Each structure stands twice: as C-alpha cells, then as structure tokens.
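> Take a look at the letters that make up each chain.
2 protein chains.
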Amino acid sequence: MSKPSTKPPSGMRDFLPTEVLRRRHVIELVQRVYEAHGFVPLETPSIENLSTLLGKYGDEGDQLLYRLLHRREALQRPLDRAHAAGRPALEAELADQGLRYDLTVPLARVVAQYGELPRFFKRYQIQPVWRADRPGKGRFREFYQCDVDITGTRSLLADAEVCSAVATVLEQLGFEQFAIRVNHRELLRAVIRAAGIDEALEGTALVAVDKLDKIGEDGVLAELEQRGIASAAGRALLAIIAPTSAGERAGERASDGAQLLATLRAQVDERGQRAVDELQELLSLCAHNPAGQHLEVRPDLARGLGYYTGPIFEITVPDLAGSLGGGGRYDDLVGMFGKKQVPAVGFSLGLERILVVMAEREMFPALSAGPDLMLCWLGVAQPEVVRVATQLRARGLKVEVFPEQAKLGKQLSYADAEGVKAAFAGILGDAELAAGALTVKHLSSGRQQKIPLAELDPARLDALAQDPPTT
Amino acid sequence: MSKPSTKPPSGMRDFLPTEVLRRRHVIELVQRVYEAHGFVPLETPSIENLSTLLGKYGDEGDQLLYRLLHRREALQRPLDRAHAAGRPALEAELADQGLRYDLTVPLARVVAQYGELPRFFKRYQIQPVWRADRPGKGRFREFYQCDVDITGTRSLLADAEVCSAVATVLEQLGFEQFAIRVNHRELLRAVIRAAGIDEALEGTALVAVDKLDKIGEDGVLAELEQRGIASAAGRALLAIIAPTSAGERAGERASDGAQLLATLRAQVDERGQRAVDELQELLSLCAHNPAGQHLEVRPDLARGLGYYTGPIFEITVPDLAGSLGGGGRYDDLVGMFGKKQVPAVGFSLGLERILVVMAEREMFPALSAGPDLMLCWLGVAQPEVVRVATQLRARGLKVEVFPEQAKLGKQLSYADAEGVKAAFAGILGDAELAAGALTVKHLSSGRQQKIPLAELDPARLDALAQDPPTT
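These protein sequence lines are chains G and L, in that order.
Start counting the first sequence at 1; every next residue gets the next number (the working numbering).
Start counting the second sequence at 472; every next residue gets the next number (the working numbering).
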C-alpha cells in the first residue's frame, strides 16, 4: 500500500508550537477584553443539524456548508432507494448534519432552546467554523471566529457595547489605524426605494453595491444593469450612497459622519430617517467608548449575510483587502428558531485575518514555548534523574528531561537547539548528586553556577539569567 | 415552513457559561501540568484525509469515522457514474475526508511531515475528536482529549514522563484514588504463545481478554471458544493473566507488581522476558515520580487500538466503569506515514470522563462567570453611562451595562439574578454624576458605599465586600 500524504487537506493547517502560542496570545487577550465588557463564554457543538444551518446564509453560504455523510444503513437505504427508482441519489438524501458555518446561528438556536438564560444574554464565543471556500491568503476552510453578541434588547447601548469590545481588542493588540465602517440595513433599503428600484430587486442590488470597493462605480453600474436595474435608477442609487470618490470617503470619521447622515436624511423616506436617527444615536454613544474614533459612516456598506436588520459593521485596516471582522443587528434570527422574537446584535472578529496582519507587521511580542530547564545527566542512575525532575517541577519549574544516555555536549546543544530552546540546562552528575545540587547553565549568556536543589526555583533562575555568577 | 429543532444533534452538547468555566478550569490545569513537564502545544485540523485515518483504529474505528460528503460536481460525478453503471453509489466514492478520530494519528502524520521538529518532540494537544458512537453516560460523539506524547526515543524515561504528567494532573485536580494499570503488548503476545494459542488468533484472543472486567473468567472462556480457541488453551491463558480473583488483583501496586512480574517472567519465552524487564524498569523509574504509587501491573489489560507495540496504560477510578484515559508505546505508527521509523509513547486523558466524575463528586471549586459590576443607571444620559463603563473597564474591572431604561429595583434584581450574578451593582444617578462617583452595592451582603470613580478598582471592591461600610 502506498503511504498516505502527510500534508493536511487543502485549506486546513497544522499549528506547530510557536504558531499555537501566537494564536493563544491573541485568543487570551480577546477573552480578557470581552470579559471586561461583561460577556460570558458559550460553546456549541461543531456539528449541527442541516435544518438549523440551511437558509440562513444565502445560497452561496448553503453551497459552502460541509455536510456529514450518513453511515451504514442510513446511507445504504437512500442509495438503494434511488437505484431502485432508476435515478442517481440526491445530496439531500445523503446527509442531514453539517459543520458549523458561523457562531451566530448556533447562538440563535441556543437562545431559543434554553429558558434559563439571562434576559440580556451577553455571550462571547471563540471557536472554529468551517466553510468549503476556495482557500486564499488569510482565507482557510477551518478558521476561528471571536464573537460577542447581546440578545434580548433593541437598545443601541448594546450595539455600542459590541463595538466597544472589538475596538478595545484591536487597540490592545497594537492596531492603531483601523476603521469600523457602519451602515444600516433599513437605510440601505430606503436608499434603494429612493433611487426608484423595485423592492423585489433589493437583494440583487445589494450584491452589486457590496462590490463597490472592488470594481468601482462603473463596475457596479454595469452589474446593476445586468441584474435588471435600469441605468437611471442605478446612477440615482450611486449618487446617494457614493456621492464622493472613494479616496475622499476613506477619511470619514464620527464628526464628518454626522454631516453625511444629515445629507442622507434629506434623501430618504420616514423609515429611512428612523434608521438615520439610530446611526446618529450610535455615533453619539460610541463617542464615549474606544470605538468612537474609529467609526466611519459608509452608506455603501452592504454585508453579505441575509439575517441583518439594523446597523451593520465591518472592520478594515489600511493595505488589506477584505475585513478583520463584521457584525450587525439581527432582530429576527432567534425568532426563526423559537416562538419568541428576540432582538440581538453582535460582532465577530476573524482570528486568522488578525494573525496574518500581525505577523506581516511584526506585532507579536516574544513568545517562548521551551522549558525553563533541560535536565542533562551523566553517569547517574535514571531513577535519580526522575527524582530530581519531579522535585524541580514541584518547585514550579517547567522541566524537560533529556531522555537518552548521551555525551554532555550533545545534550547541551540539543537543549539550545531550534524548536527546543530551553532557557537553562541543569547538569546532574555524580558530584552534583552527592552535593544535592545541580550545575545550572544559562544557555544564551553561558553563565553557570552550582545551585542546591532546595534553592532552585523560578526566582533563582531569573537571578542567574541577569547577573554574572558569584562563584 | 416548520421551525427546526433547537436541540443540538444526538451526542453533541451546548456548553452554557457555567459549564464552559468548569471545562476551562480543567483544561488550564492540564495545560499547566503538561508544560511543567516540558511539553509544547500542537494543534491539527479537525478535517483529515480519509487515507490518513483509515486502517489505524481497527474495523470498528473505521466504522465510527465521520465522513464529509463531496460537494457539487465532485458529488454529482460519482452519483451519475454509479447510475450509468446500473448500481448504487459506494460510500468510498462519496467522501475522501473525515473528522479527526483521535490526536495520536494526526501527531504521527505531523512528525512524518515536518523536518524542523525537535528530535525528541514532546508535544501536548488538547482538542476535540469525533466518533459516531452510540451516546451514553460520559460518552459523546464530540469530546475533548488531552494528549501528551514523546516521539523520537525508545527510552523508558519517556514512558515514565508521560505517566508522571497524567498522574500529576489527576492529583492536582483532587483525585486521590486512581490506578494507572500497566501491561505490555509483547508480554501479552508471549503469554498467548505460552498458552499454546496460534499466533494468527492473537488479535481475536485479545478482544475477548479485554472484556475480563465486564464478563468475568467464565465469560471470557466462553468467548475464547467462540473465537476458535480450544478451551484448554483458553484456560491456560487465564491461568497466566488472571491467576487470582479480580478482587485480590485490584490491590496490586508497584511493590506487589514486582512479585507478579517475577511470576510472569517464569512462564514466558525470551521476547516475553524482555517485555517483563521493560515493565520492571518502568516501575523503578516511576517509583520516583507521582505515577509510582498509582501503577498497577495488570497482565489482562489489552487496550483496543491496534497501533500499540510496548507498554500500555489505562487509568481507572473506583466506582466508574471504563477509564479516564489510556495510552502506550507505538513505535511503528509514524513509519506508516513517513520514510523513517520514529518510536513514540503517549498518554491521553479524556476530558469529559474527568468532568463527569468531578461533577458527581463535587470536586469543582466555586467558579464565577458574572461581571464584577453591573452598571445601573437612572435619569442620566446614555452617553454618560458609556463613558463611566469605559472608565471602569480601563481600571481593570469587568463591567456589564444594564442596557435599557428601567426602574432601579428592576435593574438591581436583574444584576443579582441567576445566570447574571454580578458581584456588585454600581448605581449612576444625577447625584453620582455630579460628584464623579458611583454608589456601589455588594449584592450578596447588601453593603453599599459611594465611591469616587477615580478610586474604583478591584482592590477597592474587595475591601467593600469584606468590611462594613464606613459611611
């Protein structure tokens, strides 16, 4: 039998220790900031029923779902049935479960399921999701999302809270220039009505508008026409949502946002004006939290997912196509699962996009995976080696044991090798054993000292790392 | 359209905040102990090629694999092809990827793939795995394993290290009575030869032996006969591996283990004697680490997975059928993927079994998910509420904001409600705003005090929780 490939499948990744540490560094910071905002953790299963997932993400989303093949009789039965009926089996007969596609739909299911949740459920969730998308730079088929959501209230204080949480995360990670683009689904709808576009074409118009950044105004106009929207209406739409060139718009912040909103307000109907009022209120709330100076009103922002109903958000950084995260208000999604309508708003940060940008810009602090001390040994019985390692660990040290008999030089150079990088080597020979001590060598400086075992602890090693040996 | 079920699929679970905290409590402790032993973290993708997974876990394992359905043309092509050939499609045509079944096979793939790993790769990995097994008590279809493995050496120091790591985890979690049962695959083989059983029947004999705990000696004898092993040979086998009744054997510890090993040694051939020597060495090494007092030689321990080659382990606690974890030496698995033979040994703890036992025995410390302070507000503008919350968070407090206008009594009782349980309520009214202060109420004791915003930090709240108010 030929050997299987040892690479992970396309779009999937192995994370070696250094990479795990970077991921963990970001995740722990996100967790800390989300908890500082009063969010509590939730986890949901990787596998959901397809009935939960289908029809929530649009047609494209449905196509990107990973489906789990039925097993044994549950698989054989539909295959045989289709064969007997003289037709190929159908996809829908072969699977009724799939992998989680995002963390928002599972949250909506959970809120509909559990009566014991607080009325205002502020949850965060940091877990992988799966999409069978074409892999690309910063785009994988398994990736982590870091979500914060508040369910149970229509208050814009909730929208301001989720914006504050993600803005604080990015600031604490060291991002300085980032924009939280903001728009409102109802404002978008009103603008489409104001442009004289048939309400039935609203969805298809938004798909075209969403590409403004990529294909420019002429591209959008052409695509709107292809989608059955008269060119006059298309031009009217663009005149409202993209009145200035992209270069000028990029500078918009909360203060200019107020001006822009006033202009929009004059062009839309009453429902659109209510949406403008909400955006104005959101800007005024966020003026007092870390999101404020990053908010940018973008009347052309559309967001792909179908479930948004109110304000929508997207985070961008200079020199990166695509976004670091996005979110919005979705007041109808929980109601698709349960008896009750439960309003909700949330924000999702994409872990891998953040990691890609941080790596490119060298934003990570030094992170070490290696042990504090590699126990090297020479001419002593192995049970003694075990005894000393156990003793050192009980004193709070991370201790690795060189596992085989070898020359001391070989052990020392392994302790300092790439991928191992112990901070110290501890040498245990007959003399040390007799003295109840260890010769401890700081590998990067070469400083070494014989230290009684009973005195070896993290503080003593720190001291040795910093000062020349006294003996 | 009818509403989809809001329950997670069978064998899958939602973890509400309190449960996430318990899981995190255990995982963080495991992580700390594994790192103290010099292990570094690895993560691998949830999805693996089926060619990686198949044939490693035995027939039963292959059947429990979750397979991912091909998508679009990749699915339609084999369905059409089978239809054209006048037969039902085959499972193997419909999927070539599946979900991770354990963490050992992915590790073996990783070791074969990456040349830059240290020669002695000590990795730990804490991730979920998936098995389409029948759900039961403490048995789920998605569950976490906490693995430690050392690759690259045949030294029994490595076996002693993984035993030390898991024993330390259990001790630090608060487990007192647990046994690490130990046996050796080569000793088992030698015993089977000594009993006069054909080597070709070795596998099937082990399956029967593995049930000794469940079905007793008579049951095993009957099953051995069913599996084509003459009753005399079956009796000879049991006489070696189960010479005393189960009750007496349960008391075996390292010291008695030496006696038992000597008895076994006298009954097996040279290869079996080498295995006995290894077990003796392992006992002598572990006598100096936390595993020692828990080791129990069990000549009837078989372990299901096919890939073990040397010492094998299993952890049991009183009054729980099944094990909390297991492991062993697998010197040939990496070689199934790469050009090189790379010896390896590992141990895996099952997170959910540990959690089930800890919950039953009430071994968890008090864990709180709630915020430090719920900001309640009355008659002040919402932007001021945002400003105060932002200020308190910058001072290191976990702050939740009551999101809607409501009477103070309602806000306070929500702050103390089940599932919210803020430690403190902070009341912001006109008077507080004018004074730059907050009226802070310790919800469980009722103590309250007006505290200037600039003095509000975790230390000040601790003080208020402990002492009666001075004003």
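Honestly, the hints are just simulated from the structure, not real lab data.
Watch out, some of these pointers could steer you wrong.
Reference excerpt, derived from the structure (chain L facing chain G, CB under 10 Å, subset only) [stated by the list, open to error]: (1) Phe486; (2) Phe835; (3) Arg918.
Straight line, CA to CA, 27 Å or less: simulated DSSO-like cross-link-like pairs of lysine-lysine [as the list claims (entries may be wrong)]: (4) Lys474(L) x Lys3(G); (5) Lys878(L) x Lys410(G); (6) Lys410(G) x Lys450(G); (7) Lys474(L) x Lys339(G); (8) Lys878(L) x Lys340(G); (9) Lys811(L) x Lys3(G); (10) Lys340(G) x Lys811(L); (11) Lys811(L) x Lys7(G).
Here chain G is said to cover these stretches of chain L; the calculated rule only asks that three of the stretch's residues, wherever they fall, bring their Cβ under 8 Å from a Cβ of chain G [unchecked claim]: (12) 516–523; (13) 581–587; (14) 691–697; (15) 850–858; (16) 866–872; (17) 925–931.
Note that the coordinates shown come from a computational prediction; the quantities given were computed from them, not determined experimentally.
The beta carbon of each residue, even a glycine, is placed where N, CA and C say it ideally should be.
> All hints are to be evaluated individually against the structure, with a verdict given for each.
Hint by hint, here is what the structure shows:
1. A cut of 10 Å between beta carbons decides the hint on Phe486(L): the least distance to chain G is about 4 Å, and the hint holds.
2. Interface restraint check: Phe835(L) against chain G, minimum CB-CB distance 16 Å, threshold 10 Å, status violated.
3. Interface hint at Arg918(L): violated, since its Cβ lies 21 Å from the closest Cβ of chain G, which is beyond the 10 Å cut-off.
4. At roughly 47 Å between alpha-carbon atoms, Lys474(L) and Lys3(G) are farther apart than 27 Å, so this suggested pair is violated.
5. With a CA separation close to 72 Å, the supplied pair Lys878(L) and Lys410(G) exceeds the 27 Å bound.
6. Distance check on the hinted pair: Lys410(G) and Lys450(G) sit about 20 Å apart at the alpha-carbon level, within 27 Å; holds.
7. Taken as a hint, the Lys474(L) and Lys339(G) pair is honoured in the structure, with Cα atoms around 9 Å apart against an allowance of 27 Å.
8. Taking the CA atoms of Lys878(L) and Lys340(G), the gap is about 24 Å. The hint holds against a cut of 27 Å.
9. For the proposed pair Lys811(L) and Lys3(G), the alpha carbon gap of about 12 Å is at most 27 Å, so the pair holds.
10. Of the pairs offered as hints, the one joining Lys340(G) and Lys811(L) is violated, with about 60 Å between alpha carbons and a cut-off of 27 Å exceeded.
11. A C-alpha spacing of about 16 Å is found between Lys811(L) and Lys7(G), which places the hinted pair at or below 27 Å, so the restraint holds.
12. Only residues whose beta carbon comes within less than 8 Å of a beta carbon in chain G count, and the region 516–523 of chain L has 7; three or more means the coverage holds.
13. With 5 residues bearing a CB less than 8 Å from a CB of chain G, the region 581–587 of chain L meets the requirement of three and the coverage assertion stands.
14. Closer than 8 Å: that is the beta-carbon criterion, and the region 691–697 of chain L has 0 residues meeting it against chain G, so the requirement of 3 is violated.
15. For a cut-off of 8 Å, the count of residues in the region 850–858 of chain L with a CB near a CB of chain G stands at 6, and the three-residue condition holds.
16. Coverage of the region 866–872 of chain L by chain G holds. Counting CB-CB distances below 8 Å, 6 residues qualify, and the rule asks for three or more.
17. Coverage of the region 925–931 of chain L by chain G is violated in this model, with 0 residues showing a Cβ closer than 8 Å to a Cβ of that chain against a need of three.
The structure is inconsistent with the numbered hints 2, 3, 4, 5, 10, 14 and 17, although it conforms to all the rest.
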